[in-house]
Amino acid sequence: MRNILLLLLLITQSCKSQTEKTDFKTKFIKYYEENNTDAQLQLLTKWEKSKPNDAELFTSYFNYYFKKSRNEIIALSTEQTSKETLALKNSLGEISGFLGSQITYDNLELDKGIEYINKGIKKHPNRLDMRFGKIHVLGLRKNWKTFTNEIIKAVEYSNKNSNNWTWTDNKEIERPKQEYFLGNIQTYINQLYNTGDDNLLVNMRDISTKILEFHPKHIPSLSNVSITYILIGNYEKGIKPLLKAEKIEPKDFIVLSNIAQAYKLMGNTKTSIEYYNKIVDIGDIEAKEFAENEIKKLEKK
Numbered sequence: 053m054r055n056i057l058l059l060l061l062l063i064t065q066s067c068k069s070q071t072e073k074t075d076f077k078t079k080f081i082k083y084y085e086e087n088n089t090d091a092q093l094q095l096l097t098k099w100e101k102s103k104p105n106d107a108e109l110f111t112s113y114f115n116y117y118f119k120k121s122r123n124e125i126i127a128l129s130t131e132q133t134s135k136e137t138l139a140l141k142n143s144l145g146e147i148s149g150f151l152g153s154q155i156t157y158d159n160l161e162l163d164k165g166i167e168y169i170n171k172g173i174k175k176h177p178n179r180l181d182m183r184f185g186k187i188h189v190l191g192l193r194k195n196w197k198t199f200t201n202e203i204i205k206a207v208e209y210s211n212k213n214s215n216n217w218t219w220t221d222n223k224e225i226e227r228p229k230q231e232y233f234l235g236n237i238q239t240y241i242n243q244l245y246n247t248g249d250d251n252l253l254v255n256m257r258d259i260s261t262k263i264l265e266f267h268p269k270h271i272p273s274l275s276n277v278s279i280t281y282i283l284i285g286n287y288e289k290g291i292k293p294l295l296k297a298e299k300i301e302p303k304d305f306i307v308l309s310n311i312a313q314a315y316k317l318m319g320n321t322k323t324s325i326e327y328y329n330k331i332v333d334i335g336d337i338e339a340k341e342f343a344e345n346e347i348k349k350l351e352k353k
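Every position in the sequence shown, counted from 1, becomes a number in the numbering used here once 52 is added.
Don't take every hint at face value.
Stated by the list, open to error - What follows is a set of in silico ranges between Cβ atoms, one per label pair, in the way DEER data are often shown:
(1) 239 with 159: 20 to 26 Å
(2) 86 with 288: 43 to 49 Å
(3) 198 with 336: 38 to 44 Å
Calculated directly from the structure, the hints in this document are not laboratory data. Note that the structure is predicted; figures quoted are calculated from it, not measured. By construction, the Cβ of each residue, glycine as well, lies at the ideal position given by its N, Cα and C atoms.
Work the whole structure out from these sequences, hints included.
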């Protein structure tokens with residue numbers, strides 16, 4: 053009888069232990085939403101002792117330190133940064149400035165989070181959410197050099213794992229993995245472009261060139277490389293990747309439009325008109341209208 057009781061006790065303890073282990077993430081989410089940082093840290097410490105290699109542990113630590121690092125302050129600026137910004141007016145009714153909230157980050161806390169996500173990536177290299185989470189934070193910090201390097205690392209690893217990426221809870225990404233991966237990388241390239249900083253055109257080019265190393269027919273990357281040259285006036289180099297893209301997708305009217313624009317900037321009106329006419333032949337209504345207007349402008353010159 054005692055042996056049976058002992059067996060039942062061991063089974064009960066085992067079930068309790070398993071429930072506790074699988075419940076770490078649920079509890080963390082609860083504490084996170086409640087903004088209970090003390091409870092989060094206590095749970096994370098316990099979790100780390102119990103399951104030190106759990107992928108969700110690393111993402112949870114990362115989220116904990118990210119949220120802890122985030123500070124919102126009220127600041128005065130000369131530009132309206134958002135619709136919620138309050139305009140301040142002087143005695144003449146003229147706008148003298150804007151008052152609104154700004155988000156800042158404590159780099160020491162953020163570094164702790166990055167340290168954990170680095171460990172997570174090392175142990176779970178196929179977890180794309182970890183890589184994208186880290187890249188997102190580097191973008192918020194405007195640490196463009198490391199931002200770019202991490203994207204390139206991800207592109208290199210995508211070739212190694214054949215884009216067999218997983219996400220939260222090690223679940224496979226349901227959408228086409230390569231398309232999803234490269235689509236998000238394009239978002240990061242757009243982020244660099246939207247800074248308006250010409251010094252970051254090289255970063256855009258480096259990422260796109262790395263993608264083309266593994267996907268030589270990737271039209272967006274060919275277009276990206278082209279843009280990085282055209283924007284600095286190097287039209288000869290800028291048009292070459294576009295002409296490659298045209299051979300791959302001869303009816304891509306965005307590519308054709310970019311080629312037409314490049315020739316226009318080069319002063320080659322005749323060839324520019326030829327490409328705009330190609331758009332008139334194959335483009336949608338909006339593209340045709342745009343091309344026809346461009347042709348009219350060029351013919352007046």
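Hint by hint, here is what the structure shows:
1. The supplied range of 20 to 26 Å is met by residue 239 and residue 159, whose beta-carbon atoms lie about 24 Å from each other.
2. In this structure the hint that residue 86 and residue 288 lie 43 to 49 Å apart at CB is violated, the actual value being about 59 Å.
3. Against the hinted window of 38 to 44 Å, the Cβ-Cβ separation of residue 198 and residue 336 comes to about 40 Å, which satisfies the hint.
Hint violations for this structure: number 2 only, all remaining hints satisfied.
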